[in-house]
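Novice: From first to last, the protein sequence lines are chains U and Y.
Residue numbering for the first sequence follows the working numbering, beginning at 1 and increasing consecutively.
Residue numbering for the second sequence follows the working numbering, beginning at 1 and increasing consecutively.
Check the hints yourself; a few may be wrong.
Once the Cα atoms are required to be at most 20 Å apart in a straight line, the calculated SDA-like pairs of lysine to any residue come out as [as the list claims (entries may be wrong)]:
id	chain 1	residue 1	chain 2	residue 2
1	U	Lys99	Y	Val4
2	U	Lys134	U	Val48
3	U	Lys99	Y	Ala63
4	U	Lys134	U	Tyr237
5	U	Lys134	Y	Ser6
6	U	Lys134	Y	Ala63
7	U	Lys134	Y	Gly9
8	U	Lys134	U	Gln114
9	U	Lys99	U	Leu14
10	U	Lys99	U	Tyr237
11	U	Lys134	Y	Trp64
12	U	Lys134	U	Arg37
13	U	Lys99	Y	Gly17
14	U	Lys99	U	Pro186
15	U	Lys99	Y	Phe10
16	U	Lys134	U	Gly155
17	U	Lys134	Y	Val4
18	U	Lys134	Y	Arg19
19	U	Lys134	U	Leu40
20	U	Lys134	U	Val236
21	U	Lys99	U	Thr5
22	U	Lys134	Y	Tyr12
23	U	Lys134	Y	Val37
24	U	Lys134	U	Val32
25	U	Lys99	Y	Trp64
26	U	Lys134	U	Ile41
27	U	Lys134	Y	Arg5
28	U	Lys134	Y	Phe10
29	U	Lys99	U	Ile233
30	U	Lys134	Y	Phe7
31	U	Lys134	Y	Leu8
32	U	Lys134	U	Pro186
33	U	Lys134	U	Ile233
34	U	Lys134	Y	Ala39
35	U	Lys99	Y	Arg5
36	U	Lys99	U	Gln114
Hints are computed from structural coordinates only; laboratory data are not their basis.
Chain residues, written in single-letter form:
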Amino acid sequence: MSSITFVTIVSSFLASSVEFVEAVTIVLAVGVTRQWRSALIGAFAALVALALLVGIFGTAIILFVPIDVVRLVVGGFLIIYGLQWLTRAVLRAGGAMAKRDEAAVYEREISALQDEPPVPSSGMDWISFTVAAKGVLLEGLEVAFIVVTFGASAGMLGPAALGAAVAGALVLGIAFLVHRPLSAVPENGLKFAVGVMLTGFGTFWAGEGVGIDWPAGDAAILALLAGYVVLAILGVYLVRTHISNWGVRVVEASREPLR
Amino acid sequence: MSYVRSFLGFWYDFLVGDRPELFAGPIVALFLAWLAVRAGVQAPIIGATLFILVSSVGGLSIAWAVRR
């Protein structure tokens, strides 16, 4: 297995783990409060839709778009998306933004679901189906986006999809066993790592797309990743210092359902 | 029409959200890198400049978020 294949699988696995943890919280809340069968069917339907999206768009991009264009456009999107994840992870690690609390999200979902009409005595509960499907689809869309962009840029849609599938199976399996939100997963640490990877690889591929002939070839990726790690850690330190000197209003994590 | 607006709104929120500098900054950085390649600037200099520009966009966004 080449190092690029390995990194593609790891990046996709880490990004997908975070999003699946968030999706599982919603499905658990629906299943516990209303009806497991409809919630699981809704989640499964959303997963099938996501797999189709990845298969159709990923294959189309790889087959029909020239690789330089793919690397420029998709690399650009990876930088944008990676910076969004990384800067939020830095702000959260530095204490300027509240970390996502899966237990609190779970309680909020349960409380919202209790206001809905009662579960029908037989057949499908469409509220359970819709809430679970929507939750998995919205969280999973980020996974699909990362799998398609990362897989297309590296020409490795299969390994990227494999990383996401393993993450999904692992998170769903653990959630099924423990039957409660996976609050112990270090979501911010994972987002920090994924943000660095997306930004680093995005810079490399988009750079190739505009015509940069990177010195040392693929080894330049390592230098980019190391550079972004150092700057992100410096960012956490500076945010913490700023807060301890001046204080800052903490932004609620719940305002950002998609990130 | 409202479906189109919702669809576009969703993607705007997905990619731009409340921090448009993180969307526009990398595009400007890549455009400058493209210009530098066309001007014949050496690859190591362009690569390093692209890294610095992308890092600066992230740094500025964090600074704005903290000061907001």
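Novice: All the hints need checking, so say for each whether the structure fits it.
Specialist: Now the hints, each set against the structure:
1. Lys99/U / Val4/Y: violated, 33 Å
2. Lys134/U / Val48/U: holds, 13 Å
3. Lys99/U / Ala63/Y: This hinted pair holds, its Cα atoms lying about 18 Å apart.
4. Lys134/U / Tyr237/U: violated, 37 Å
5. Lys134/U / Ser6/Y: holds, 15 Å
6. Lys134/U / Ala63/Y: At roughly 34 Å apart (the allowed maximum being 20 Å), alanine 63/Y and lysine 134/U break the hint.
7. Lys134/U / Gly9/Y: holds, 17 Å
8. Lys134/U / Gln114/U: holds, 18 Å
9. Lys99/U / Leu14/U: The given pair, whose Cα atoms are some 18 Å apart, holds under the 20 Å limit.
10. Lys99/U / Tyr237/U: holds, 17 Å
11. Lys134/U / Trp64/Y: violated, 32 Å
12. Lys134/U / Arg37/U: The hint holds at about 16 Å.
13. Lys99/U / Gly17/Y: Roughly 18 Å between the alpha carbons, so the hint for lysine 99/U and glycine 17/Y holds.
14. Lys99/U / Pro186/U: Since the Cα atoms of lysine 99/U and proline 186/U sit roughly 10 Å apart, the hinted pair holds (cutoff 20 Å).
15. Lys99/U / Phe10/Y: The hint is violated at about 24 Å.
16. Lys134/U / Gly155/U: Violated: lysine 134/U and glycine 155/U sit about 30 Å apart, past 20 Å.
17. Lys134/U / Val4/Y: holds, 19 Å
18. Lys134/U / Arg19/Y: Not satisfied, since the Cα-Cα distance of roughly 25 Å exceeds 20 Å.
19. Lys134/U / Leu40/U: Holds - the C-alpha atoms of leucine 40/U and lysine 134/U are around 12 Å apart, at most 20 Å.
20. Lys134/U / Val236/U: This hinted pair is violated, its Cα atoms lying about 34 Å apart.
21. Lys99/U / Thr5/U: violated, 31 Å
22. Lys134/U / Tyr12/Y: holds, 18 Å
23. Lys134/U / Val37/Y: With a Cα-Cα distance of about 44 Å, the restraint between lysine 134/U and valine 37/Y is violated, given a limit of 20 Å.
24. Lys134/U / Val32/U: holds, 17 Å
25. Lys99/U / Trp64/Y: Within the cut-off at roughly 19 Å; holds.
26. Lys134/U / Ile41/U: holds, 12 Å
27. Lys134/U / Arg5/Y: holds, 19 Å
28. Lys134/U / Phe10/Y: holds, 13 Å
29. Lys99/U / Ile233/U: holds, 17 Å
30. Lys134/U / Phe7/Y: Measuring from Cα to Cα gives roughly 15 Å; hence the hint holds.
31. Lys134/U / Leu8/Y: Distance of about 18 Å is within 20 Å: holds.
32. Lys134/U / Pro186/U: Distance of about 24 Å is beyond 20 Å: violated.
33. Lys134/U / Ile233/U: It is violated: about 35 Å lies between the C-alpha atoms, which goes past 20 Å.
34. Lys134/U / Ala39/Y: Given that 20 Å is the threshold and the Cα spacing comes to 48 Å, the pair is violated.
35. Lys99/U / Arg5/Y: violated, 31 Å
36. Lys99/U / Gln114/U: Roughly 26 Å separates the two Cα atoms, so the pair is violated.
Going through the hint list in order, the structure does not satisfy hints 1, 4, 6, 11, 15, 16, 18, 20, 21, 23, 32, 33, 34, 35, 36.
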